[in-house]
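> Knowing the structure of chain A, use the given hints to seat chain B on it.
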Amino acid sequence: MTAYIVRRLFWYPILLFAVTTVTLALGLYGPGDPAQVYLGKHSDPETVARIRAEWGLDQPFQVQLFKYIADAVQGDFHESLVKYPGQKVTDLIAARLPVTVSLNALALALGVLFGVPLGLVSAVRHNRSLDHIITFGVISAVAIPVFAVSPFLQWIFARELPFWTRDTFGVTIGLPPGGWNGVFSASAVLPAMVLSPGYVAVFARQTRAGMIEALAQDFIRTARAKGLVESLVVMRHAFRNALIPLVTIFGLGLAGLVGGAIITETVFGIPGIGLLTVDALHARDYPIILAVTIMVAFVYITLNLIVDIAYTFIDPRIRYQ
Amino acid sequence: MFKLKAFPVSPVVLLAFALLFSLGCALTEVATSSENTPASSAPTQSANRPAATPTRSGSTPRNTPAAAPAQPRSADELILPFIGGDPPTLDPAVAQDATSAEVIVEIYGGLVTIDKDLKIVPDLAESWTISDDKKTYTFKLRGDAKFHNGKAVTAQDFKYSIERAADPKTESPVADSYLGDIVGVREKLNRKATDVSGVKVVDDKTLAITIDAPKSYFLAKLTYPTAFVVDKANVDSGGRTWFLKPNGTGPYKLGSYNFGQQIVLTRNDIYYGTPKPQVKTVTLSISGGSFMTRYENGELDSTFVSIIDIDRVLDPTNALNKELTVAPQFSIDYIGFNVSKPPFDDPKVRQAFNMAIDKKTIAEVVLKKTAQPANGILPPKFPGFNDNLKGLTFDPDKAKQLIKDSKYGDVSKLPEITLNVSGGGGTAGPEMEAIVEMFKQNLGVDVQIQQQEFASFLQELNKRPNNLQMYSIGWIADYPDPQDFLDILFYGDSLDNHMSYNNPQVNKLLEAARIETDSKKRIDLYQQAEQIIVSDAAWIPLFVGDNYWLDKPYVKGLIHPPFVIPRLKYASIGR
Chain A
1 MTAYIVRRLF WYPILLFAVT TVTLALGLYG PGDPAQVYLG KHSDPETVAR
51 IRAEWGLDQP FQVQLFKYIA DAVQGDFHES LVKYPGQKVT DLIAARLPVT
101 VSLNALALAL GVLFGVPLGL VSAVRHNRSL DHIITFGVIS AVAIPVFAVS
151 PFLQWIFARE LPFWTRDTFG VTIGLPPGGW NGVFSASAVL PAMVLSPGYV
201 AVFARQTRAG MIEALAQDFI RTARAKGLVE SLVVMRHAFR NALIPLVTIF
251 GLGLAGLVGG AIITETVFGI PGIGLLTVDA LHARDYPIIL AVTIMVAFVY
301 ITLNLIVDIA YTFIDPRIRY Q
Chain B
1001 MFKLKAFPVS PVVLLAFALL FSLGCALTEV ATSSENTPAS SAPTQSANRP
1051 AATPTRSGST PRNTPAAAPA QPRSADELIL PFIGGDPPTL DPAVAQDATS
1101 AEVIVEIYGG LVTIDKDLKI VPDLAESWTI SDDKKTYTFK LRGDAKFHNG
1151 KAVTAQDFKY SIERAADPKT ESPVADSYLG DIVGVREKLN RKATDVSGVK
1201 VVDDKTLAIT IDAPKSYFLA KLTYPTAFVV DKANVDSGGR TWFLKPNGTG
1251 PYKLGSYNFG QQIVLTRNDI YYGTPKPQVK TVTLSISGGS FMTRYENGEL
1301 DSTFVSIIDI DRVLDPTNAL NKELTVAPQF SIDYIGFNVS KPPFDDPKVR
1351 QAFNMAIDKK TIAEVVLKKT AQPANGILPP KFPGFNDNLK GLTFDPDKAK
1401 QLIKDSKYGD VSKLPEITLN VSGGGGTAGP EMEAIVEMFK QNLGVDVQIQ
1451 QQEFASFLQE LNKRPNNLQM YSIGWIADYP DPQDFLDILF YGDSLDNHMS
1501 YNNPQVNKLL EAARIETDSK KRIDLYQQAE QIIVSDAAWI PLFVGDNYWL
1551 DKPYVKGLIH PPFVIPRLKY ASIGR
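Those sequence lines, one after another, are chains A and B. Residue numbering for the first sequence is 1 to 321, as defined by the working numbering. Residue numbering for the second sequence is 1001 to 1575, as defined by the working numbering.
Only chain A is shown next, with the shape it has when bound in the complex:
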């Protein structure tokens, strides 16, 4: 086990190096120039050259790459260039991370809370109408893109609903169409409504598939034969066996907490990692783009490892050499 973990850790620097190199190359060789964006209307060639030199963008690619890596290893992820000139990228990310993590955690929690029971019901009612309804519902939920459903929800709950409730009840019951006042405020409701269906669908589908397989096993027949009540059969015997893929999804879901929901944060104006990333992309603010990409890659690699290790606890038959 220890040898396995060490071997996995060995891959960290290689993967992170690859991610950094590709991201930087895409940035530097893609269209658009951060110095030009920074200067905007004042981007005469002389000033652009001055700012590029000041930022080290006139250096050869490999020099920029290795300087970045050397600094990053020591925890210095440089400063924002264009969007928040001079501010440390680590500070910018730290300020936004709580927003993104809390919003995604809410969505993930709702996904588990609704998805797993729906999947269980679906599996128990396999191929009956309730199963079809649930399947249709969750697939629709995941198939409708966020950018299509968000404005619609804003229209209903932030614009139309308040008129209706005021006329009917004399008070306004409406949700803010955007902004952010914390995960426990009304401003979190619409984003959570948009973000959680994806999680619900994944958990429901996976639970259903795992349960259908588990319920067909011999030991389930045995459990029923010895007279166990159906709820115990389902929950204790079948569900435990269906748990492994759910842990994988949950682990990757945890990793996804730090990556911003780019579209959702943009549509609702939520000041999280996603909005920071979009702003940085538009401004060609490479240090921010690099740091966010590396952070997300790092967390995914780590959570993958943790998930793999967690398997051994859930299923003692799994062993790593």
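With a straight-line cut-off of 27 Å between C-alpha atoms, the simulated BS3-like cross-links for lysine-lysine are: (1) A:K67 - B:K1169; (2) B:K1381 - B:K1360; (3) A:K88 - B:K1253; (4) A:K88 - B:K1245; (5) B:K1205 - B:K1135; (6) A:K88 - B:K1232; (7) A:K88 - B:K1169.
For the record, the hints were derived by calculation from the structure and aren't laboratory data.
Okay, now just chain B, sitting in the frame of chain A:
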């Protein structure tokens, strides 16, 4: 500054994007005022004056009386919406966007400033003299001016501040633009000098600044934050984010700043200027999206009105109508022609395209009066604005005739035409669609729209010469002088003239205006130049922005200026 639309998008997506913070702005104003934005910003040009990229908020009940309490919410605090999102910087030397400038002008000060009548007036300098060759300005500083911490402001502080702004390490994007006229600034920026030779400390309270040539608009440039005074000890204390604890001189101090939520400004009780700031605390609320709702709930004392709420606040029977202020902006949207590329190398074709657009209808129907049609280059009320300018007005018959009279002779002989716009959405925005439709209906010309996100658009635009035929963009005033529009955008060699427009007659007028000291004659020169430019049809001037604000009845003296100036000191809370 540049002004770009924040993400022109289809109507459905528009609602969604309407909620964006002025992303565009930022973009837009990258340069801009920035700007953009949604600037994108607008390219991120995200930058920008607020005018450019207002956040559009969602709305609430129509035609219901505002639930506004008649009494002030608080006797010593105003809560105002802050439209642009988090300011990119509060460092005066680095700021180039309206969002940043809006806060900076309240916290810091410079030698001169702009008052609410938009006149250039003394700020930290109480008076100045100009040498006979018009190149040296000698400023006498006020005796009573102090930083927030009580330290007196001296001429050395100004010398330090200007040299710091011109230090390449400061990475100021605008030092060349606003300070580049000062002898020695460009040398310092290019590491050829360690100090700025054109700035001399005569004594503690006297500062002499020498510029490279007589320029009547130089003082106007000093009203921009780049020339503001900062305290060396303050700058040295905090690394590159020293400005989060600024020691300025302005009417307000930075009380606290919660990222993404609010900026709290507190009254500077030792402020030297007049009027003295009255409201003890001004909270600028950043967390946006629902300013209008919060205003109607009495949580905000003022709000920007987005296009979706315009109809009901304009309705005279709505109680909100009495709280409405219309604030014209010093900004203009336009379509620029590349006069070196067919078919716009023929002025008749350019004039025909001008006359084919019914701007009035677009402004009223599509833009719902959030803009007014532009006749010339300078926005109304801007210094030098000419009421008698002869514009190219809507006349489809004459437009068709002009095409026939052109060297192309017929619509069918025109090459393919592409209109380049910046943006990140699916379509170029309803007003651009309306314009292209009018080209089709009134001229029979099919114009293709090509949309690029801001950074790529900017790269195309900045190629010299560029390959565009026509492009849509905007401009927001930096300082109140016609030079800021006419010379910068139309002078043959100007870096911001992307049209290859080079009219010797116009160049001559603009050169003469630069050094003319009689302000009436100077304005006259600019008006002549503007008339030629408009008749030449180098642009299609499209729209001048109109912003709508609501203020609670108890809020007194809060102004909504056409561009960024210090304004909070005029505000008070009444009954």
